[in-house]
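Participant: Sequence:
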Amino acid sequence: MRMLVFVLLGSLLLGNKVAAQPLARPVQPGAAPDSAGLIFSLADLLTFVTLRHPVARQAALLPERAQQEVRYARGLFDPNATSKYYGKTFGGKEYFHDWDTQLRVPLWFGADIKAGFERGTGTYVNPENYTSPAGLSYVGLSVPLAQGLLIDERRAAVRQAQALRGLAEAERRGALNKLVLQAAKDYWDWSLNHQRLTLLSYNADLAQVRFRAVRERVRQGDLAAIDSVEALTELQNRQATLAQARVQWRNATLLLSNYLWNEQNQPVELPATVRPQPLLTRWPTLPPDSVAALSELARRIHPDLQKSRAKLSQLTVERRLLTNKLLPKLSLDYNLLQAGQPFSAEKPASLNGSYLQNNYKLGVSFAYPLLLRQERSKLQLNRFKLQETELSLQQDTRAVETTVRTVANDWEALREQLALQEQIVANAERMRLGEQIRFENGESSVFLLNTRESSLVSARLKLAELQAKYAQTQATLRWAAGGVPPADNE
14 MRMLVFVLLG SLLLGNKVAA QPLARPVQPG AAPDSAGLIF SLADLLTFVT LRHPVARQAA
74 LLPERAQQEV RYARGLFDPN ATSKYYGKTF GGKEYFHDWD TQLRVPLWFG ADIKAGFERG
134 TGTYVNPENY TSPAGLSYVG LSVPLAQGLL IDERRAAVRQ AQALRGLAEA ERRGALNKLV
194 LQAAKDYWDW SLNHQRLTLL SYNADLAQVR FRAVRERVRQ GDLAAIDSVE ALTELQNRQA
254 TLAQARVQWR NATLLLSNYL WNEQNQPVEL PATVRPQPLL TRWPTLPPDS VAALSELARR
314 IHPDLQKSRA KLSQLTVERR LLTNKLLPKL SLDYNLLQAG QPFSAEKPAS LNGSYLQNNY
374 KLGVSFAYPL LLRQERSKLQ LNRFKLQETE LSLQQDTRAV ETTVRTVAND WEALREQLAL
434 QEQIVANAER MRLGEQIRFE NGESSVFLLN TRESSLVSAR LKLAELQAKY AQTQATLRWA
494 AGGVPPADNE
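Residue numbers (the numbering used here): 14 to 503.
In case anyone wonders, no lab produced these hints; they're calculated from the structure.
Any given hint could be a false lead.
[Said to hold, decoys possible] With a straight-line cut-off of 30 Å between C-alpha atoms, the simulated BS3-like cross-links for lysine-lysine are: (1) K475 <-> K97; (2) K97 <-> K342; (3) K391 <-> K338; (4) K374 <-> K127; (5) K475 <-> K198; (6) K101 <-> K374; (7) K342 <-> K391; (8) K127 <-> K342; (9) K475 <-> K191; (10) K191 <-> K398; (11) K482 <-> K191; (12) K97 <-> K127; (13) K342 <-> K398; (14) K398 <-> K338; (15) K338 <-> K127; (16) K198 <-> K482; (17) K374 <-> K338; (18) K374 <-> K342; (19) K101 <-> K127.
Can you make the complete structure from the sequences, with help from the hints?
Facilitator: Shown next, in the form of structure tokens:
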């Protein structure tokens with residue numbers, strides 16, 4: 014079922030994306046447009062959009078930025094080397110020399126390993142910092158025993174940055190899906206305008222031929238002079254409508270050119286010779302249970318829902334940290350000391366039990382606010398944010414499912430309308446053919462024949478509009494289901 018859904022989604026926009034190719038090849042004399050490569054397909058457009066459009070490139074930066082956020086958070090666990098020296102000499106007399114060098118390595122579970130060397134000499138050195146002239150080396154461990162043991166700011170920052178990475182990926186897919194949807198809609202509007210231009214051009218040519226024929230019959234006395242006026246008026250009306258269709262076609266071409274950019278991030282114009290792929294002539298029905306499968310897929314991969322889940326993950330990490338803040342600050346520092354050079358493997362026998370009991374520095378610190386008003390208020394605010402996000406996720410999930418079902422209903426309704434409109438076009442063609450036969454037999458008028466042709470053109474234009482709307486509905490259903498399914502590692 015999952016594979017069936019993926020195949021269905023892949024076919025909704027009519028074909029897989031292919032590698033970017035030139036928009037058109039030069040037309041060879043006598044060559045057909047298709048063989049000359051003048052068809053600019055929807056797959057070609059989506060290739061340009063997903064690879065080169067500025068919005069798509071901006072969206073591609075979001076995961077990279079999130080990755081740098083994770084890197085920044087992990088930098089809190091970087092080892093840190095410090096060294097400081099203070100000395101005083103006045104009137105030729107040395108008061109003190111105080112030198113301390115330390116390497117501190119944070120660990121994931123909250124403790125810090127540290128090693129260092131300190132040397133404090135001089136007549137007036139602080140007794141706490143006094144060492145022998147050889148100095149004092151140490152290696153130790155700093156461990157939180159309450160607050161910070163299970164989670165601390167460093168681990169919370171990494172977890173939240175990882176959740177931000179999922180949020181950025183969802184935002185990338187959401188922006189790309191909206192761009193692809195709008196590009197597909199504009200493409201089918203472009204194809205509709207081309208179909209309208211073709212129909213109206215043929216209609217105007219037909220009126221031109223009829224006007225000439227009617228004018229000749231008027232000259233021969235077969236028709237009244239008023240019939241030539243009727244034919245000329247109809248020709249002028251059709252030419253005016255054709256002129257408006259040409260403007261709409263050019264504007265649709267310009268609008269579609271907004272999606273075209275080259276590898277140098279420069280805008281590209283559609284050549285005047287390219288044409289869209291034809292409107293759909295087949296309207297398959299949705300497979301059984303496909304709506305339920307698409308709704309389930311949308312619940313899992315829809316970018317809006319994934320963004321809400323990422324926010325929930327961030328808030329959950331924050332809640333753990335704030336809950337840990339209710340514990341007292343209790344930490345233990347233990348440093349093992351050795352005079353002179355740092356600890357080395359050359360003197361393993363010196364680290365016996367007696368040495369460990371008589372050469373160390375131990376520290377314990379404790380702090381605890383008595384009222385915890387700040388900590389409790391932050392935790393309560395976090396609970397409110399969690400509830401708001403959960404409610405928003407529930408509402409968004411319901412809205413996504415409703416959108417999928419609504420678009421699926423539009424799909425089926427359009428199929429029925431298209432089937433009926435095809436019958437209307439066939440009937441209008443019969444009526445027009447019959448009226449043409451009557452006119453040639455002298456049983457009809459130019460006015461009635463023009464009326465039948467106008468009805469036929471209107472029916473064909475309505476069919477083309479429904480075909481374009483059906484193709485747009487396919488793209489909308491794909492967007493409503495979450496767009497392209499993410500890779501398994503996303």
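Participant: With reference to the structure, classify each hint as holding or not holding.
Facilitator: Going down the list of hints, with the structure as the test:
1. K475 <-> K97: violated (83 Å)
2. K97 <-> K342: holds (28 Å)
3. K391 <-> K338: holds (10 Å)
4. K374 <-> K127: holds (13 Å)
5. K475 <-> K198: holds (17 Å)
6. K101 <-> K374: Holds, because 27 Å separates the two Cα atoms, which is no more than 30 Å.
7. K342 <-> K391: Holds - the C-alpha atoms of K391 and K342 are around 18 Å apart, at most 30 Å.
8. K127 <-> K342: holds (20 Å)
9. K475 <-> K191: holds (27 Å)
10. K191 <-> K398: holds (28 Å)
11. K482 <-> K191: At roughly 17 Å apart (the allowed maximum being 30 Å), K191 and K482 satisfy the hint.
12. K97 <-> K127: The hint holds at about 16 Å.
13. K342 <-> K398: holds (26 Å)
14. K398 <-> K338: Given that 30 Å is the threshold and the Cα spacing comes to 18 Å, the pair holds.
15. K338 <-> K127: holds (25 Å)
16. K198 <-> K482: holds (8 Å)
17. K374 <-> K338: Roughly 28 Å between the alpha carbons, so the hint for K374 and K338 holds.
18. K374 <-> K342: Holds, at about 20 Å.
19. K101 <-> K127: holds (28 Å)
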